[in-house]
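Using the sequences and the accompanying hints, generate a full structural model.
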Amino acid sequence: MENRDALSELAALHALNLLNDTEAGELAVVMATVPDLATELAAYQRTVAALAYSAPPIPLAPDLKGRLWQRIAADSVEQPTFLGDLIQQSTQVLWEPHPFTGVRMGKLSENLQKREISVFLRAMPGVVFPRHRHGSDEEIVVLEGDLVLDGVVYYPGDRISSQSGSIHQPITQAGCLVFVRTSLDNEYFMVSSAASPPS
Numbered sequence: 001m002e003n004r005d006a007l008s009e010l011a012a013l014h015a016l017n018l019l020n021d022t023e024a025g026e027l028a029v030v031m032a033t034v035p036d037l038a039t040e041l042a043a044y045q046r047t048v049a050a051l052a053y054s055a056p057p058i059p060l061a062p063d064l065k066g067r068l069w070q071r072i073a074a075d076s077v078e079q080p081t082f083l084g085d086l087i088q089q090s091t092q093v094l095w096e097p098h099p100f101t102g103v104r105m106g107k108l109s110e111n112l113q114k115r116e117i118s119v120f121l122r123a124m125p126g127v128v129f130p131r132h133r134h135g136s137d138e139e140i141v142v143l144e145g146d147l148v149l150d151g152v153v154y155y156p157g158d159r160i161s162s163q164s165g166s167i168h169q170p171i172t173q174a175g176c177l178v179f180v181r182t183s184l185d186n187e188y189f190m191v192s193s194a195a196s197p198p199s
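Numbering (my numbering), first residue to last: 1 to 199.
Hints are computed from structural coordinates only; laboratory data are not their basis. Using N, Cα and C, we set each Cβ at its ideal position, and we do this for glycine too. Misleading hints may appear alongside valid ones.
Label-pair restraints from in silico Cβ distances [what the hints assert, rightly or not]:
{"#": "1", "residue 1": "Asn17", "residue 2": "Phe189", "range": "47 to 53 angstroms"}
{"#": "2", "residue 1": "Leu184", "residue 2": "Asp158", "range": "20 to 26 angstroms"}
{"#": "3", "residue 1": "Thr101", "residue 2": "Gly66", "range": "51 to 57 angstroms"}
{"#": "4", "residue 1": "Glu23", "residue 2": "Leu60", "range": "34 to 40 angstroms"}
{"#": "5", "residue 1": "Leu51", "residue 2": "Ala6", "range": "20 to 26 angstroms"}
{"#": "6", "residue 1": "Ser166", "residue 2": "Pro97", "range": "23 to 29 angstroms"}
{"#": "7", "residue 1": "Arg133", "residue 2": "Leu60", "range": "50 to 56 angstroms"}
Quick look at the structure:
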């Protein structure tokens, strides 16, 4: 009888979702041989589901809704400000033709010790960027237009992070302006002699 009480206790714990995967698996094996235990578990699960409805309602703070809307508004202001700052910076860099056809580049900063460069790239519609392997982590922020990477379309405000060693080949359908922080040691895979990392 003591063993049956222990099984009932395990069934109750399972209904409360307090068993780990191993314990839940062992209980399932036992339930196959003790049919009324499955019925008992179902009763416990119905009781647990009803518990939430039996608790008295707790009144919310009167100003909670207002505080929530203020927080949402504050969060939504941050991103456009960040984007606005980047777009403003893009107007202050010297824009030059890039070795990749249909792309212009404005260098924001270069750190030779970190082997890192931050640039703005403006690409014409339909540009296919060269396939490349990252020498270190890369960050892209889409400022205007679209950027397609691995079948996902990114729009203004979207950030894309790629890990060191990963390979991709972005494209743009409508053209784009992007901020890119990347490695000076990226490896570019192109047949053309124009293939070289941004510098």
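These are the hints, each one checked on the structure:
At roughly 49 angstroms, the beta-carbon separation of Asn17 and Phe189 lies within the given 47 to 53 angstroms, and the hint holds. Between Leu184 and Asp158 the C-beta distance comes to about 24 angstroms, which sits within the given range of 20 to 26 angstroms. The hint said 51 to 57 angstroms for the Cβ distance between Thr101 and Gly66, and at roughly 53 angstroms that hint holds. For the pair Glu23 and Leu60, the beta carbons lie near 37 angstroms from each other, so the given range of 34 to 40 angstroms is met.
Taking 20 to 26 angstroms as the suggested C-beta distance range, the pair Leu51 and Ala6 conforms, at roughly 23 angstroms. Roughly 27 angstroms separates the CB atoms of Ser166 and Pro97, a value that falls within the hinted 23 to 29 angstroms. Under the hint 50 to 56 angstroms, the C-beta atoms of Arg133 and Leu60, about 52 angstroms apart, fit the expected range.
The structure is consistent with each of the numbered hints, conforming to all of them.
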